[in-house]
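Count the sequence shown with numbering that gives the first Met the number 0 and you get residues 0 to 272, in order.
Misleading hints may appear alongside valid ones.
No farther apart than 25 Å at their CA atoms in a straight line, the calculated lysine-lysine pairs in the DSS-like style are these [as the list claims (entries may be wrong)]:
(1) Lys197 with Lys263
(2) Lys197 with Lys209
(3) Lys270 with Lys17
(4) Lys217 with Lys239
(5) Lys16 with Lys270
(6) Lys213 with Lys197
(7) Lys263 with Lys17
(8) Lys213 with Lys263
(9) Lys209 with Lys16
(10) Lys263 with Lys239
(11) Lys239 with Lys270
(12) Lys213 with Lys270
DEER-style ranges, computed between Cβ atoms [as the list claims (entries may be wrong)]:
(13) Pro42 with Ala159: 32 to 38 Å
(14) Asp219 with Phe76: 36 to 42 Å
(15) Thr188 with Ser78: 33 to 39 Å
(16) Asp92 with Pro215: 35 to 41 Å
(17) Arg80 with Pro154: 18 to 24 Å
(18) His257 with Asp55: 19 to 25 Å
(19) Glu158 with Trp100: 36 to 42 Å
Read the hints as simulated data drawn from the structure, not as lab findings.
Yeah, the Cβ is synthetic: ideal placement off N, Cα and C, and Gly gets one too.
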Amino acid sequence: MANYFVGDIHGCFSELKKLLEVVDFNPSQDVLWSVGDLIARGPESLATLRYFEHLDNAARIVLGNHELNLFGINAGFRSPRPSCQLTELIQSDDFPRLLEWLRLQPLLQEMPEHQLVMTHAGVPPQWDLAALRREATRVSDALQRANYLEAVISPMYTEAPEGWHADLQESELIRYCINALTRIRFLYTDGRLDFACKLPPDECDIEELKPWFKFPSKTDELTKVFGHWAALMGETGNAKIQALDTGCCWDQYLTLWHLESNQKITQSRLKKG
Numbered sequence: 000m001a002n003y004f005v006g007d008i009h010g011c012f013s014e015l016k017k018l019l020e021v022v023d024f025n026p027s028q029d030v031l032w033s034v035g036d037l038i039a040r041g042p043e044s045l046a047t048l049r050y051f052e053h054l055d056n057a058a059r060i061v062l063g064n065h066e067l068n069l070f071g072i073n074a075g076f077r078s079p080r081p082s083c084q085l086t087e088l089i090q091s092d093d094f095p096r097l098l099e100w101l102r103l104q105p106l107l108q109e110m111p112e113h114q115l116v117m118t119h120a121g122v123p124p125q126w127d128l129a130a131l132r133r134e135a136t137r138v139s140d141a142l143q144r145a146n147y148l149e150a151v152i153s154p155m156y157t158e159a160p161e162g163w164h165a166d167l168q169e170s171e172l173i174r175y176c177i178n179a180l181t182r183i184r185f186l187y188t189d190g191r192l193d194f195a196c197k198l199p200p201d202e203c204d205i206e207e208l209k210p211w212f213k214f215p216s217k218t219d220e221l222t223k224v225f226g227h228w229a230a231l232m233g234e235t236g237n238a239k240i241q242a243l244d245t246g247c248c249w250d251q252y253l254t255l256w257h258l259e260s261n262q263k264i265t266q267s268r269l270k271k272g
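All chains, please: the whole structure from these sequences, using the hints.
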């Protein structure tokens, strides 16, 4: 059995297929882990979702900000940008079923035997593993409720609260968790989330900001796998911090990490955008 972790696919399904051919991926015995953002920006979002749904137990995914935004688009809270190339997906007969399948997916995946966790964007350093599990489960449970659009998706489009404490209201806890697990990059020195800077760390000239993984963390013992931050190009300087978004949809490449051998295999963008 092999475990393969793939960075943000963003509808670059042809590139994913080539990677899986290179490693001879066998869904009857191997597992494909996705850091989320399977959709948008690339041309094959529909094919990507169909493939992961078909993999069933051979796939483990977490929701990214683009999957959550898709719920908002479907509800009419947002309009799809033409650059996201979502028309084929939204107009497909499969769309309602695929949307419900996405609603079942978590914000956190774990591999306890390897002391590994996977989220889309990262892990707040002030959370221990119990808090990470509790807050991610809070969001997943809320997404399963009949009123999930009003309770989770509609209030999602705001950056408050920027900081976390246990006394926040339920709606604020949900919103903070979504922002932290699917949008986090830089933090202020007091722990507040920053949403503006998307640069590589060495190009950010705001003294009060540091990457989330540069803070002392209550989960330092864990290997953290994430995507979302293409500007990192996989470089964190820490073997326990595995950044897998390498900008395939931005004409760079898609990265597949083989856990057992600690090897990374890449596939360049096939059609330049």
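Hints, verified against the model:
| no. | hint | result |
| --- | --- | --- |
| 1 | Lys197 with Lys263 | 24 Å, holds |
| 2 | Lys197 with Lys209 | 12 Å, holds |
| 3 | Lys270 with Lys17 | 13 Å, holds |
| 4 | Lys217 with Lys239 | 14 Å, holds |
| 5 | Lys16 with Lys270 | 14 Å, holds |
| 6 | Lys213 with Lys197 | 16 Å, holds |
| 7 | Lys263 with Lys17 | 14 Å, holds |
| 8 | Lys213 with Lys263 | 23 Å, holds |
| 9 | Lys209 with Lys16 | 35 Å, violated |
| 10 | Lys263 with Lys239 | 14 Å, holds |
| 11 | Lys239 with Lys270 | 32 Å, violated |
| 12 | Lys213 with Lys270 | 35 Å, violated |
| 13 | Pro42 with Ala159: 32 to 38 Å | 35 Å, holds |
| 14 | Asp219 with Phe76: 36 to 42 Å | 37 Å, holds |
| 15 | Thr188 with Ser78: 33 to 39 Å | 37 Å, holds |
| 16 | Asp92 with Pro215: 35 to 41 Å | 50 Å, violated |
| 17 | Arg80 with Pro154: 18 to 24 Å | 21 Å, holds |
| 18 | His257 with Asp55: 19 to 25 Å | 21 Å, holds |
| 19 | Glu158 with Trp100: 36 to 42 Å | 29 Å, violated |
Checked against the numbered hints given earlier, the structure breaks hints 9, 11, 12, 16 and 19 and satisfies all the rest.
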